[in-house]
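Peer 1: The residues making up each chain are set out below.
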Amino acid sequence: EDQVTQSPEALRLQEGESSSLNCSYTVSGLRGLFWYRQDPGKGPEFLFTLYSAGEEKEKERLKATLTKKESFLHITAPKPEDSATYLCAVGGTNAGKSTFGDGTTLTVKP
Amino acid sequence: NAGVTQTPKFRVLKTGQSMTLLCAQDMNHEYMYWYRQDPGMGLRLIHYSVGEGTTAKGEVPDGYNVSRLKKQNFLLGLESAAPSQTSVYFCASSVARGTSGGGPAQYFGPGTRLLVL
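As given, the protein sequences belong to chains A and B, one line each in that order.
With the working numbering, the residue at position 75 of the first sequence is 75, and numbering never jumps.
Here the working numbering runs 1000 ahead of the position in the second sequence, where the first position is 1.
Hint data in this document are derived by calculation from the structure and do not stem from the laboratory.
Every value quoted in this text rests on a predicted model; they were computed, and no experiment measured them.
Cβ coordinates follow ideal geometry from the N, Cα and C atoms, glycine included.
Please note that the accuracy of each hint is not assured.
[Claimed, not checked] What follows is a set of in silico ranges between Cβ atoms, one per label pair, in the way DEER data are often shown:
(1) B/Gln1017 <-> A/Lys63: 41 to 51 Å
(2) A/Glu56 <-> B/Lys1070: 33 to 43 Å
(3) A/Asn94 <-> B/Met1019: 26 to 36 Å
(4) A/Pro8 <-> B/Lys1057: 24 to 34 Å
(5) A/Ser24 <-> B/Gly1003: 25 to 35 Å
(6) B/Lys1014 <-> A/Glu45: 30 to 40 Å
(7) B/Thr1005 <-> A/Glu55: 25 to 35 Å
(8) A/Arg61 <-> B/Val1095: 23 to 33 Å
(9) B/Leu1022 <-> A/Glu17: 38 to 48 Å
(10) A/Gln14 <-> B/Gln1072: 37 to 47 Å
(11) A/Glu45 <-> B/Lys1057: 35 to 45 Å
[As the list claims (entries may be wrong)] Here chain B is said to cover these stretches of chain A; the calculated rule only asks that three of the stretch's residues, wherever they fall, bring their Cβ under 8 Å from a Cβ of chain B:
(12) 31-45
(13) 96-109
With the hints as extra help, turn the sequences into a complete structure.
Peer 2: Structure representation (structure tokens):
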């Protein structure tokens, strides 16, 4: 059974204070590691897909990295508008289906 | 493109009532999914479909039924609502294969908030 664990559950940062969110996973046959952003009262919004260990993807202040056991979402010099819940998911061998973690809620104070 | 839309946005039901949640996507995606999201429990897959006319059970299918008569629509039905079905329901869709032939990213609707009294 695929499992995804995200840490920490909540993270409070000052504007400009860089940090990382962790996503640990176990899956039989990784077909993708996905990061999503979810704002309060809205649906998750796709950010990145990583397919193999060593792969990195960047978008503005966010950078996602992947190893064989975990992924990190690095946030560089965050701004208040980066405040959201960040969800990690893995796609296993069953095409299309993903298993989601419980998310990390990020709050960036000005 | 509207992407993934869900109807209704919010609904209150009494125990035992039935209702249907509608999901529509205009991206010509093959796969569609229904999730529920509860505080502290993340997103849990209810049912999914890999093509028109096909459906399959997810992690928490009991008490729900689905139909995919048209490629662009995926309906979630509650035949006899229970308070335990109070939740936020999200529909998502995806292509069959992601880039590099791997798993696909999913694109979500805005959600339906359901309260069962």
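Peer 1: All hints, please: hold or fail.
Peer 2: Results of checking the hints against the structure:
For the pair B/Gln1017 and A/Lys63, the beta carbons lie near 47 Å from each other, so the given range of 41 to 51 Å is met. Under the hint 33 to 43 Å, the C-beta atoms of A/Glu56 and B/Lys1070, about 39 Å apart, fit the expected range. Checking the proposed 26 to 36 Å range against A/Asn94 and B/Met1019 shows it holds: the Cβ atoms sit about 29 Å from each other. Here the CB-CB span from A/Pro8 to B/Lys1057 is close to 33 Å, well matched to the stated 24 to 34 Å.
Remark: the range hint 25 to 35 Å for A/Ser24 to B/Gly1003 is upheld by a beta-carbon distance near 31 Å. Distance hint check for B/Lys1014 and A/Glu45: the Cβ-Cβ separation is about 34 Å, which falls inside the suggested range of 30 to 40 Å. B/Thr1005 and A/Glu55 have their C-beta atoms about 32 Å apart, which keeps the hinted 25 to 35 Å range intact. Roughly 28 Å separates the CB atoms of A/Arg61 and B/Val1095, a value that falls within the hinted 23 to 33 Å.
Distance hint for B/Leu1022 and A/Glu17: a CB-CB separation of about 43 Å, consistent with the stated range 38 to 48 Å. At about 45 Å, the CB distance of A/Gln14 to B/Gln1072 agrees with the hint of 37 to 47 Å. As the Cβ distance of A/Glu45 to B/Lys1057 is approximately 27 Å, the hint placing it in 35 to 45 Å is violated. Coverage of a stretch by a chain is defined here by at least three residues with a beta carbon nearer than 8 Å to that chain's beta carbons; for the region 31-45 of chain A and chain B the count is 9, and the condition holds.
Evaluation of the coverage hint for the region 96-109 of chain A: fulfilled, as 7 residues show C-beta separations to chain B shorter than 8 Å, against a requirement of three.
The structure fails hint 11 only (numbered hints given earlier).
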